[in-house]
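**Q** Next come the chains, spelled out residue by residue.
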Amino acid sequence: MNAADHRRGLERVSRRLLLRQTLSLGALSLLTGCNLEDDDAVDRVLWAMSRWNDRVQAALFSRARMAPTYSEADITDPFPFNAYYPPEQIRHVDGNAWRLEVFGLVRERRAWTLAELAALPQASQITRHICIEGWSAIGKWGGVPFRDFLARIGADTSARYVAFRCADDYRSSIDMATALHKQTLLALTFRDAPLPAAYGYPVKLRVPTKLGFKNPKHIVAVEVTNVYPGGFWEDYGYNWFSGS
Amino acid sequence: MQHPLAVRITHWINAVAMTVMIASGWRIYNASPLFDFVFPAWLTLGNWLGGALAWHFAAMWLLAANFVVYCAYGWASGHIRRRLLPVQPREIWHDAALALRFRLPHDGTQYNAVQRLLYVLVGCGIGLAILSGLAIWKPVQLYPLSFVFGGYELARRVHFLAMAVIVGFIVLHLALVAIVPRTLRPMITGRTI
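For the protein sequence lines, the chains are A and B, in the order given. According to my numbering, the first sequence holds residues 1 to 244 in order. According to my numbering, the second sequence holds residues 1 to 193 in order.
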């Protein structure tokens, strides 16, 4: 077993422990006198149900169904900041040194500069960002339609997943059908100005058909793959598909 | 009163599923409260947002499937029509006045008007919770449904309201079972009281 496998194994164990603590306390409050063995079974059932819900949502997803769009007047101001860290830890990425790496099942594995992305045909949208916590906010994002980008890098669009790695060590991944949705953007701007650091400078993924945590910020690498990539929150137990 | 087997089974499945949905739902609410309060953590299920959502999105299938089975049975067998209808304002007024003076007889052969009203109301509450829940789960893919509820944000409030109706019912329902405990056994054994 090499070092990477070891690390992955350890991550899996700590993840399981966290979820187990989580669910066992919940189950205890529900079923008085239940023991810890039952919680393992409960835990497994909940994970299995989450995978079932992934399949249901993939079946419900339609590439023709557009997220509702709004007018400039509807934009939420100020737009909320949210991340797995507090605002003091927002990463300030140097746009000149920044590169977008492309890996996996693609024809052209090369790094992109910000200027190259800005030179591609752009689109913009005013859509509702829905957070898994329940709140929502309307924002305006502009950038490269992600399906155009996938076409340019010669991505194998029959692959199952597109995974993202970020400068703030965040990770996430989406299904190919959503990656090819017309409204999925590699966003470079917010309200017609370069993305502020808080919203993911220099590039974030804007997916109006998924919950907010599936919209990674400060993206540094895109990978097209058939191996389930998971993600930061997904590995703790947030539902992977999390479609809207 | 004799409760048919289908009613007893769906009643208890509903009791379990609803407990999970409410307790996990309160935890989800606490992640981003709509109003100026949160639910006490010890009353909630899941321990954190991800755990609560996992419970909520698992138990929702049980709740909805059980509700569909109950409605299909209740309609096809005539149970709902015979036992729960009609719901008439004058009768309700009359029976409610008696109930508040503790003079409403539980004659054990049929539901009084207040009971009928409450059972119909909680049935509507569960239906509303399921529909508004679908609207906030899938505001894009089920856009027409979300539109009917006035969009995502309003649907969230409707979902909360449906929960409040159901919890209000449960409080009253449990209080009445505590006052008239002999009504409990028929819901388990199906035997007449």
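These are calculated hints, taken from the structure and not from any lab test. There could be a bad hint or two in this list.
List time: in silico SDA-like cross-link candidates among lysine to any residue, alpha-carbon distance up to 20 Å [what the hints assert, rightly or not]:
| no. | chain 1 | residue 1 | chain 2 | residue 2 |
| --- | --- | --- | --- | --- |
| 1 | A | K182 | A | W98 |
| 2 | B | K138 | A | P121 |
| 3 | B | K138 | A | F213 |
Covered by chain A, according to a simulated footprint, are these stretches of chain B (three or more residues, beta-carbon under 8 Å) [what the hints assert, rightly or not]:
| no. | region |
| --- | --- |
| 4 | 62-72 |
| 5 | 134-141 |
| 6 | 172-181 |
Think of the CB as a built atom: it goes at the ideal place given N, C-alpha and C, for glycine as much as any other residue.
**Q** Against chain A, does the region 62-72 of chain B show at least 3 residues with beta-carbon separation below 8 Å?
**A** With 0 residues closer than 8 Å to chain A, the region 62-72 of chain B misses the three-residue bar; violated.
**Q** For a C-alpha distance cap of 20 Å, please report whether A:K182 and A:W98 respect it.
**A** violated (26 Å)
**Q** Straight-line Cα separation of B:K138 and A:P121 no greater than 20 Å?
**A** Roughly 30 Å between the alpha carbons, so the hint for B:K138 and A:P121 is violated.
**Q** Can you take a look at whether the region 134-141 of chain B is actually covered by chain A? Rule is 3+ residues, C-beta closer than 8 Å.
**A** holds (count 4)
**Q** Are at least 3 residues of the region 172-181 of chain B within less than 8 Å of chain A when you compare beta carbons?
**A** violated (count 0)
**Q** Are the Cα atoms of B:K138 and A:F213 separated by 20 Å or less?
**A** holds (16 Å)
In the structure shown, a violation is registered for the earlier hints numbered 1, 2, 4, 6, in ascending order.
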